[in-house]
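Student: Please model the complete structure; the sequences and the hints are all you need to start from.
Chains as they are written, first to last, in the numbering used here: chain U, 1 to 137; chain P, 138 to 425.
Derived from the structure by calculation, the hints contain no laboratory data.
Among the hints, erroneous ones may be present.
As the list claims (entries may be wrong) - Cross-link-like lysine-lysine pairs, in silico, DSS-like; alpha carbons within 30 Å at most:
1) U:K118 / P:K292
2) P:K298 / U:K118
3) P:K185 / U:K60
4) U:K52 / P:K191
5) P:K185 / U:K54
6) U:K37 / P:K389
7) U:K37 / P:K321
8) P:K145 / P:K389
9) P:K185 / U:K118
10) U:K52 / P:K185
What the hints assert, rightly or not - The following residues of chain U were derived to be distant from chain P, with all beta-carbon distances above 10 Å:
11) E13
12) K37
13) E87
14) T91
These numbers come from a predicted model, not from an experiment.
Every residue, glycine too, gets a C-beta built ideally from N, C-alpha and C.
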Amino acid sequence: MASEFYLEVITPERTFFQGNVEMIIVDSLDGELGVMKGHLPMVASIAIGTLKIKQNGKWKEAAINEGFMEVLPDRTIILSHTVEWPEEIDTRRAQAALERAQERIRQRRSMTEYYQSKAAMARAMSRLKVKKRYNLD
Amino acid sequence: MQSLVEIKRRIGAIRQTRQLTKAMHLIASSKLSRAMDKYRANHIYFDKIRSTLKDILAHTPEINHSFFRPRENARIAYFVIAGDKGLCGAYNHNVLHTALSHIEEHEGVKNIFVVGNVARDFFIRKGYNVDAEFLYAAQNPTFFYSREIAEQLIKAYSQHKIDELYLVYTRLESSIKMIPKVIKLFPVELSNFEDVSLDLEYRADMVYHPSPRAVLDLLIPKFVIGVVYGALIQSFASEQQARMLAMDTATKNADEMISKLQIKYNQARQSVITNEIAEIMGGVAALD
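Tutor: Here's what the structure looks like:
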């Protein structure tokens, strides 16, 4: 049995997850980042993408917005604005958001808006990705 | 002795007021329960994001980042959260006077961003430069609004329109204890977090992934949004709590007044009857 560590995933509107887990994998700014028990103390940024949690030998996945995590040897805290389980994701809404963002990018407005649209697009795509994978299982 | 009609009219007037305060009490308590749900969901995040940032500051001696550098001849700005309406006891008074005394201690106060009509009127009366852009957030604090507010505050700071920013709000300590608080948002310093206790004192040096700069670039805006949202929610919950208590007291006072007036009314009525009987008796005696 792999050793476990305590994980808390917190958003401004709820506590998304808390409990002992074996491993987590998040998307960081420069690629995937895995954390297991005994990791050295670290603060890491989290990019828009998926959060994978291994608990009792099973992997679970959630769509996560930008955020950051604080890793200590025996516990990890993830703070993000939104985290959603696949069953909470509204495919139609995500699809609409994706199309809206793509349309905004096509219109080539200011640089700030470009970044915002790209972020919106990434969020929508990560939601759709998680949802799709979950439905195939 | 007042006349019967007069007392009756007063009782009627007080009854009407009582109905009003009773209704406001009910409205406030239903709004409060909704606000408390939001508060309970949020306060963990609010405390955690502050303690995480404190943790990072405590373990990283030298951070070179524009949000951490104090500027000279600072133009100070305040972000004050109060209510839209009165009739909520000392809630507005407490938070506004906490803000005012803090403002008067500092020179170079340029801007005051306000949430709530009461706050706006108060600072205009005191002759300050009031920015009422965020007025709308008092009634319905949502995460969406806080993001907008935080983005504007961060923009004002990074464009050097303001150099220091304080947040004044009401912290809900418990259901009967509401404390006005001042938090320094910018520049971020360790001393801003004196009231935050670290739940874990970890002495090893932190590693930042991918780099301290990248992490802080991401963390600071999240921190500001989180704190603004938390402060809005707690202020809103405090306001409803204060209004509920104030209206409850008002209703009780009205009940007391009505019962006193009722006794007065009964006495007056009694004496009118006694008078009448006395007159009749007098008339009968005169006939005999």
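Student: Are the hints correct? Go through all of them and say.
Tutor: Going down the list of hints, with the structure as the test:
1. U:K118 / P:K292: holds, 20 Å
2. P:K298 / U:K118: The given pair, whose Cα atoms are some 28 Å apart, holds under the 30 Å limit.
3. P:K185 / U:K60: Holds, because 24 Å separates the two Cα atoms, which is no more than 30 Å.
4. U:K52 / P:K191: holds, 27 Å
5. P:K185 / U:K54: holds, 24 Å
6. U:K37 / P:K389: violated, 58 Å
7. U:K37 / P:K321: violated, 36 Å
8. P:K145 / P:K389: Roughly 19 Å separates the two Cα atoms, so the pair holds.
9. P:K185 / U:K118: holds, 29 Å
10. U:K52 / P:K185: holds, 22 Å
11. E13: Check fails; 5 Å does not lie beyond 10 Å.
12. K37: At about 15 Å from chain P, K37 (chain U) clears the 10 Å cut-off, so the statement holds.
13. E87: It holds; E87 (chain U) is separated from chain P by about 19 Å at its closest Cβ, greater than 10 Å.
14. T91: Holds: least Cβ distance 22 Å, greater than 10 Å.
The structure fails to meet hints 6, 7, 11 from the earlier list, while all remaining hints are met.
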